[in-house]
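Enquirer: One-letter residues, chain by chain:
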Amino acid sequence: EAGVVQSPRYKIIEKKQPVAFWCNPISGHNTLYWYLQNLGQGPELLIRYENEEAVDDSQLPKDRFSAERLKGVDSTLKIQPAELGDSAVYLCASSPGAAGGVNEQFFGPGTRLTVL
Amino acid sequence: KQEVTQIPAALSVPEGENLVLNCSFTDSAIYNLQWFRQDPGKGLTSLLLIQSSQREQTSGRLNASLDKSSGRSTLYIAASQPGDSATYLCAVANDYKLSFGAGTTVTVRA
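Each protein sequence line maps, in turn, to chains A and B.
Take the first sequence: its position 111, counted from the start at 1, is 111 in our numbering, and no numbers get skipped.
To convert, take the position in the second sequence, counting from 1, and add 116; that gives our numbering.
Same shape as in the complex, but just chain A:
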């Protein structure tokens, strides 16, 4: 069974440019998460989707970050414009869903963003 797929794996951009990250969760997983991980720290949740609905986006900086999961499967996270402080690893995770309680989360390899 394929795991969580993310692309690109690495991205280098200049500040003020836009950037987008893509995630395809494990087949059948209804819940999708985007996390941000700064160097030497644990991941922090940006947004959680249940199917196509963003049910928790309280930590997403909405002035420059946006996300979508139009058909309830794959998802895109966008930053526009990027700032130097956005340099980090962006992780996508998925879990089977809300039914039956809180599930184990499975993570993708992440996208390492460098903003110059």
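It is worth saying that the hints were derived from the structure and are not from the lab.
Note that the coordinates shown come from a computational prediction; the quantities given were computed from them, not determined experimentally.
Please note that the accuracy of each hint is not assured.
[Stated by the list, open to error] Incomplete in silico selection of chain A near chain B, CB under 8 Å: (1) G40; (2) Q41; (3) G42; (4) D56; (5) L91; (6) G108; (7) P109.
[What the hints assert, rightly or not] To be clear about the criterion: a stretch of chain B counts as covered by chain A if any three or more of its residues have a C-beta under 8 Å from a C-beta of chain A, and this derived list gives those stretches: (8) 150-164; (9) 199-212.
[As the list claims (entries may be wrong)] The calculated lysine-lysine pairs, modelled on DSS-like cross-linking and capped at a C-alpha distance of 25 Å, are: (10) K15(A) x K78(A); (11) K11(A) x K62(A); (12) K158(B) x K213(B); (13) K117(B) x K213(B); (14) K213(B) x K71(A); (15) K78(A) x K158(B); (16) K213(B) x K184(B); (17) K62(A) x K117(B); (18) K158(B) x K11(A); (19) K78(A) x K16(A); (20) K62(A) x K15(A); (21) K213(B) x K78(A); (22) K62(A) x K213(B); (23) K78(A) x K62(A); (24) K117(B) x K184(B); (25) K78(A) x K11(A); (26) K16(A) x K62(A).
Think of the CB as a built atom: it goes at the ideal place given N, C-alpha and C, for glycine as much as any other residue.
Assemble chain B onto chain A, guided by the hints.
Expert: Then chain B, alone, in the frame of chain A:
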């Protein structure tokens, strides 16, 4: 807000020694606790998940305990190997949100 602390931040041991990694959290009203492994430049690999009603979970050389009332979990890795070198992260679930510690970076010397 849930605060998760992992001590020590780094650990270096000779091959064959047992590893003990500690995790503490401030809010005991958790759904579950997960231990992850992260290799440099890679994503997170789930090692063990302990439900709030459980006291421990075991997988091979790994054993994780949970004391919810005191807000602590411990990951034991028996007979460490150089391949166990990685960063180990603890994460607690309140509702559907995972709160992570900063991790313990383990080096196993051959």
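Enquirer: So, for every hint listed, does it hold in this structure?
Expert: Hints versus structure:
no.	hint	result
1	G40	holds (6 Å)
2	Q41	holds (5 Å)
3	G42	holds (3 Å)
4	D56	holds (7 Å)
5	L91	holds (6 Å)
6	G108	holds (5 Å)
7	P109	holds (4 Å)
8	150-164	holds (count 8)
9	199-212	holds (count 5)
10	K15(A) x K78(A)	holds (14 Å)
11	K11(A) x K62(A)	holds (21 Å)
12	K158(B) x K213(B)	holds (22 Å)
13	K117(B) x K213(B)	holds (11 Å)
14	K213(B) x K71(A)	holds (23 Å)
15	K78(A) x K158(B)	holds (21 Å)
16	K213(B) x K184(B)	holds (17 Å)
17	K62(A) x K117(B)	holds (21 Å)
18	K158(B) x K11(A)	holds (15 Å)
19	K78(A) x K16(A)	holds (13 Å)
20	K62(A) x K15(A)	holds (18 Å)
21	K213(B) x K78(A)	holds (21 Å)
22	K62(A) x K213(B)	holds (19 Å)
23	K78(A) x K62(A)	holds (10 Å)
24	K117(B) x K184(B)	holds (16 Å)
25	K78(A) x K11(A)	holds (13 Å)
26	K16(A) x K62(A)	holds (16 Å)
The structure fails none of the hints (numbered hints given earlier).
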